[in-house]
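Note that the protein sequences, when read in sequence, are chains A and B.
Using my numbering, you'd call the opening residue of the first sequence number -8 and step up by one each time.
Using my numbering, you'd call the opening residue of the second sequence number -8 and step up by one each time.
Keep in mind that the hints were calculated from the coordinates and are not lab data.
Some hints could be false.
Since the list gives no way to pick one copy over another, a pair counts as held whenever it fits inside one copy or between any two copies.
[Said to hold, decoys possible] In silico BS3-like links for lysine-lysine, alpha-carbon gap of 30 Å or less:
id, residue 1, residue 2
1, K398, K510
2, K457, K276
3, K505, K254
4, K634, K254
5, K480, K443
6, K457, K447
7, K601, K85
8, K270, K457
9, K374, K634
10, K254, K457
11, K185, K442
12, K264, K299
13, K507, K417
2 protein chains.
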Amino acid sequence: MKPKQYLLWMAAATAVSLSFSACRPKGAGSAVSGNAAQRTYVPPGQYDEFYTFTSGGFSGQMSVYGLPSGRLFRVIPVFSVDPEKAWGFSEETKPMLMTSHGFVPWDDLHHIESSFTDGMPDGKWIFANSNNTPRLARIDLTTYRTSEIIEIPNTGGNHCSPFTTENSEYVIAATRFSVPPDGPASDVPIDSYKENFKGHISFVSVDKETGEFDIAFQLKTPGLNFDLSSAGKGVSNGWLFISCYNSEQSHTLLEVNASQNDKDFIMAINWKKAEEYFKAGKGTKQTNVRYAHNKYDEHTHTATHEIKTEVTVLDVADFDDLAYLIPCPKSPHGADVSPTGEYIVGSGKLAALIPVFSFEKLQNAIGNSDFESERYDGIPVMKYESALHGEVEKPGLGPLHTEFDDKGNAYTSFFVSSEVVKWDIKTLEVLDRQPTYYSVGHLMVAGGNSKKPYGKYLVAYNKITKDRFLPTGPELAHSAQLFDISGDKMELLLDFPTIGEPHYAQSLPADLIKDKSLKIYDINNNNHPFKTNGEAEARVERDGNIVRVYMTTIRSHLTPDVIEGIHQGDEVYFHITNIEQDWDMPHGFAIKGAGNSELLVMPGETQTIKWVPDRVGIFPFYCTDFCSALHQEMSGYVRVSPKGSNVALTSYTGNK
Amino acid sequence: MKPKQYLLWMAAATAVSLSFSACRPKGAGSAVSGNAAQRTYVPPGQYDEFYTFTSGGFSGQMSVYGLPSGRLFRVIPVFSVDPEKAWGFSEETKPMLMTSHGFVPWDDLHHIESSFTDGMPDGKWIFANSNNTPRLARIDLTTYRTSEIIEIPNTGGNHCSPFTTENSEYVIAATRFSVPPDGPASDVPIDSYKENFKGHISFVSVDKETGEFDIAFQLKTPGLNFDLSSAGKGVSNGWLFISCYNSEQSHTLLEVNASQNDKDFIMAINWKKAEEYFKAGKGTKQTNVRYAHNKYDEHTHTATHEIKTEVTVLDVADFDDLAYLIPCPKSPHGADVSPTGEYIVGSGKLAALIPVFSFEKLQNAIGNSDFESERYDGIPVMKYESALHGEVEKPGLGPLHTEFDDKGNAYTSFFVSSEVVKWDIKTLEVLDRQPTYYSVGHLMVAGGNSKKPYGKYLVAYNKITKDRFLPTGPELAHSAQLFDISGDKMELLLDFPTIGEPHYAQSLPADLIKDKSLKIYDINNNNHPFKTNGEAEARVERDGNIVRVYMTTIRSHLTPDVIEGIHQGDEVYFHITNIEQDWDMPHGFAIKGAGNSELLVMPGETQTIKWVPDRVGIFPFYCTDFCSALHQEMSGYVRVSPKGSNVALTSYTGNK
């Protein structure tokens, strides 16, 4: 498409988009199922059918919703500080947000993916990527906390991530923006993109027992923008399919300059082969990288922050059998693999059709070296038709993402024409379409990226909400729409607002994980270095200008609750041990005058606030989480005296 | 009660509490209305009946829910940084979180109250208090943003706050913990509480047009712990009723030591009289205070942070007619005023009855100087019976808060016995009781603190959620329970989880405010000092080591998108102007390598990120809020060269 053609296309697309937004659909009419109320209502005291883990996008966090109710159970802090849960505020959690260039209080959590065993969610972990400072995170599904974060070197925008292989051997992360590899030689002119900018695809291994990450190896590729991807499964297990845009290798005004080619690519990677080469010692060790690896230990209740400086890189151009490019119309945003692994669906966001590729035909073409005559930067390019199963014709405008159900159907979101379209994976026939309010981005079918989708529910995650909910000023919540897909036609059940911008979600059956949810931390397994073993050991200790307060909390007092002999400028650490062992009995802690004075301490846990008092006086402290009838009485005072004062360090509770 | 008696009482109370939590009620049985699903379901495209503004407690924020659906429309950042909305991350919003002792990224937003005209919510503002660093905030109900924050001097824990007078003349804030007044003489022994610790009650005036705060005056009182309060209304307009605990003036182990007296107090304050004295020049000017006053301007799109150093203080002991103490059993947590203003309900959290005081009897007793013979630290103490309308007998264990409906009924929450009890304000007869799951703290009736409650819905805000929702590890969401109170008996309709810990809420009818909600910022009224007037003015400017990027954002490009000539250690400001003028078309901005790189820019607005690059290389930037089919193309690159490099400062888009 030439620039002028492109502009006409966009004008048409925009007109369609506006026609949807100009009228305010009441929604309660024909489109909504008559008994939607009963089908989404979960009576008090009963449980939802599914947990739905949802990415927060620019919030940097992950949210846990129930389906079909749409209720928000928990925001799990991952890549951003969270003033509700003290994530990034306590001394114990601060190291989790350290990177190779310091503490980063915010990031953009784009996608999530479940851990898998034999291609099915196994309920152990949820993986998530941060987009801006390239990182991967692992969330534990017993504690619903972030257990690990690892940074990804040589990467500019970790958007193409985290894609999990059939048995969680690897979580795969690829650069969105090609950039010069890390190191001092990266200071190059931006218009030297074609020579100097490279893509990197990272294979992060996952320990089967502990889940621990390690960057096994990276693949270096030509400069391209990588977008959403899928690991193969079933027949295509061992492969990876990455959508690529900007095959024009433009470095400016991508809106126009990266929309020139009629086809970009899906890159097919033989990762089992790459693993073989890596294990055989191929590739080069790059030692001018720096990346953080942070781990949270549930027994010491503390996090560690480590910097690593080496990564093994294999350049795909050095091997004949690692990477192949499948032409895909146009500026593809996703590559989705069907439950059997046979079909790979490309979604070109400027395309008016959906190409479906066949893994079998792809293998045949590779076996026969049935390639285009010209390579792309050294990589074989397949012939479009040689890999194609077929095209879904006239499906809508701007396909973005495709998920699958348990009956051989696919569901594709269309951003520009604001609809979800159901079609048959084999016959490619369009079976149903339903409008969304308004522009749908991602969509999610329960288990829709697994080998055996659960089906039943589909959620459309919509951008541009406008009048769907009571207005709340210029900033509006994004919106999810729940459809029942158990029948022939999709039925709209519910609109519910979401946190941040959900780019993807994973629904796990409640029965798979609910009984593994941890209720308390066992205080006998609390190995925190500054734990207080019961009230009798509560105390205050000074070492130079460092003062440590060993404090316990239990209904309804903090021990000690009177502290004197702190001096201006002291470095005071309140190590709070919650000695409760009852479910849902957290205590919080705050002290006046501490800039960052937030803690939320679960039963059996120890957490720490650092406080450097900057003036003299009496500073009250208190429990911040209403815990008992006498919660208001759960408080105390610290006296701060001038530097060099002779007020002795003392503490007591009740009696001196 | 002696300590031993107290412990027995608590053991009994705990036993009751445990008996409620030991079995898992399914809730779907007799207690839930048969057609609750229909009565809480809001079909897609339709609106909820009420906005419900809800305090976030230890999250520091405020949430906006819809009723009856329980859906969360927006978290309004107030006293904590918010990585979803860039609050406290952009240069423009950072000053809002400055205090007299620096930037405070977290606080504990305890209560909220609507602005009132003639005792009814007028839909202009919501006021909120922060508990730890004592502050008040004002939220604008056209933008749903925090417009103003003022710090409160002489205060330790601003929990007793923000109580609004009948026409929003004042928002009143009182100290939870008495402390020595601010200043260098505040370094005193903690066991000198009785001599040195004082309470302060602040009267913060509200400008009728702009809403702007000013601390008009403070009242100094004996050392006491102040708890929840209400301004008088109707017949009691001009008065304030503050619940007081720790009349024992203990400074340690309050759980026991502040639970000794059978009665504590409600303090009745004649604030109209105090205002008269203040206007007549009474009181003393205290000039050793320091407090912040921060304002956000919607035209310059920037905040200002100012430090003030003076406050006028009137000591109530210097006046005969400002303050009176009404004995109230036992450790009261609230004082709630009936719609007519005639009745004041005390809720003693260790009491087994509810005393209801009569404003008329109170006035008669004051007129007749019908006081106890002994004063309390110089303040007249009423005789209990002289002020008493009557007692609600055997209502439950541990009453906390009372709200009112439109039919002469009161509703009281009972934490220990986990129930809401409905009773007749005049006859004091108990009419109905419903269990809550589990321990209810606050409760809210729509308009229940106004002169004409809307009634219809009651929400119980419950602590200790345990098994009400699918479990999410040791940390669980608190829970709200929605009751229909339009009939004789309360009907449970819905459980929904909440953000943080909701200590109070205000329901406003959708029709009162929905049409005032702002859709976009008019770009012609954007007076930001670093606004970019259209793409033609987009540019990069250097002044020493300060580089300013004047950038525009509109679907689907950032201008400029190629920037070179930035040096390591430069102080780079990206001033992003969103030149869209369409509803719900925000753009975000992030750049790799910036620790704090979050922005979310509404149409017509300018927002700024500060970035000090710490290494050389190519740094991609991108729009973080999916805005169009070509959102993925909405990106660019910055080149950072070493300090002293001769790469010239340049920027372009599309063509050099």
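So, going through the hints one by one against the coordinates:
1. When the C-alpha separation of K398 and K510 is checked against a cutoff of 30 Å, the pair qualifies neither within a copy, at 38 Å, nor between copies, at 43 Å.
2. Within a single copy, K457 and K276 get their C-alpha atoms no closer than 51 Å, and across copies no closer than 51 Å, so neither meets the 30 Å cut-off.
3. In the homo-oligomer, the alpha carbons of K505 and K254 never lie at most 30 Å apart, since the shortest distance is 45 Å inside one protomer and 46 Å across protomers.
4. In this assembly of identical chains, the alpha carbons of K634 and K254 never lie at most 30 Å apart, being 71 Å within a copy and 42 Å across copies at closest.
5. In this assembly of identical chains, the alpha carbons of K480 and K443 lie at most 30 Å apart only when taken from the same copy (20 Å versus 48 Å across copies).
6. For the homomeric pair K457 and K447, the shortest alpha-carbon distances inside one copy (28 Å) and between copies (28 Å) are both at most 30 Å.
7. When the C-alpha separation of K601 and K85 is checked against a cutoff of 30 Å, the pair qualifies both within a copy, at 11 Å, and between copies, at 22 Å.
8. Taking the shortest Cα distances, K270 and K457 never come within 30 Å of each other, neither inside one copy (53 Å) nor across copies (48 Å).
9. Taking the shortest alpha-carbon separations for K374 and K634, neither the intra-copy value of 78 Å nor the inter-copy value of 49 Å comes in at or below 30 Å.
10. With identical chains, the CA atoms of K254 and K457 are never at most 30 Å apart, being 34 Å at best within one copy and 54 Å at best between copies.
11. Within a single copy, K185 and K442 get their C-alpha atoms no closer than 39 Å, and across copies no closer than 71 Å, so neither meets the 30 Å cut-off.
12. Taking CA atoms no more than 30 Å apart as the test, K264 paired with K299 passes inside one copy only; the shortest distance there is 26 Å, against 69 Å between copies.
13. When the C-alpha separation of K507 and K417 is checked against a cutoff of 30 Å, the pair qualifies neither within a copy, at 38 Å, nor between copies, at 52 Å.
Of the numbered hints stated above, those contradicted by the structure are hints 1, 2, 3, 4, 8, 9, 10, 11 and 13, listed in ascending order.
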